[in-house]
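All chains should be modelled from the sequences, with the hints used to inform the complete structure.
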Amino acid sequence: MESRNRRHRLNERRRTYESEPELESDGESYLSSEESYHPMIPMDAHIHRSDLVMVEAQAQQLKNKHNQIEITVESPISNQNAESQKVDLYRAALRGDWKAAAKCMGSNENLARIELTKRGDRALHIAAAAKQTAFVHRLVLRLNEDDLVLVNKFGQTAFYIAVQSGVVENAKAMYRKNGNLPTIRDIMRRTPLEMAVLFGNREMVEYLYRITRLQVLNAKEIMEILAGIIRIDMYDIALQILNKADRRIFTSTTDIGSVLQVLTRKPLSHNHGIQGRKWERLVSIIATIPYIPCKTIPSSLSFKS
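Going by this note's numbering, the first residue of the sequence shown is number 1211, and it counts up by one from there.
Incorrect hints may have been included.
[Stated by the list, open to error] Below, computed lysine to aspartate or glutamate pairings styled on EDC-like, alpha-carbon distance capped at 16 Å: (1) K1313 x D1298; (2) K1309 x D1298; (3) K1387 x E1355; (4) K1341 x E1293; (5) K1363 x E1319; (6) K1382 x E1355.
Hints are computed from structural coordinates only; laboratory data are not their basis.
What follows is the structure in structure tokens.
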């Protein structure tokens, strides 16, 4: 009887052991499942295994999303498209092709503000240099006031480039948008008016003289502009500058002498009639300018209103 009971207990144990692998619904022992690599997983393996699968799925989704973002940012195709757009806009500005430019900017509104050349020139710089008046006017309307103060690597605004090119209409269009442009200097500290005088463009000098606040210039700059204006025979403008300036204009005797030298080098043919009388007037004014050692002109004394 005891032998029969012992045999029965052994059979029960055998059945229990053989049935343990069937605890997993998929017919596999949990010892061979993924949970076998996680010793801290509780005995309730069905619930915690599903949680683990969910967490791992979410982690994989985040990883995939991260990879997608990196691909989007660093895509060589996107970079190629951007460079292609810049080249197309550069060519359009150079040719004055507004239709092509509008197409480029239609897909990228910020493109007009991006540097297109190694010099740092933007579309407006390029169009101004190429003297594309119609293109310049349309682009100025599209830009805002702050866009017009953007400079290239030489500190030159598109207005400055327009002054160099000598197209007064382009300068006027930009000035109407931003009245501070005549006072913005390049990296050499030269104003647009000084550049116009240097280039000898009489029409541009006359226009810039009317819109430039001379109070932003120091005495030395005024004398240099005066000498340049006299050099290109614009005696009227020279007299206007001297009449506006206080007679106690603060400068050095060297600067005064330089201006007088420019006057005396003028051929006699320039000193007849009305022009001759203006010349004499200039000499008399400049020769009597007193020297007071001060580097700047106080606004209260510098120019008459």
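Evaluation of the provided hints:
no., hint, in the structure
1, K1313 x D1298, "holds, 10 Å"
2, K1309 x D1298, "holds, 11 Å"
3, K1387 x E1355, "holds, 6 Å"
4, K1341 x E1293, "violated, 24 Å"
5, K1363 x E1319, "violated, 23 Å"
6, K1382 x E1355, "holds, 14 Å"
The structure shown violates the earlier hints numbered 4 and 5.
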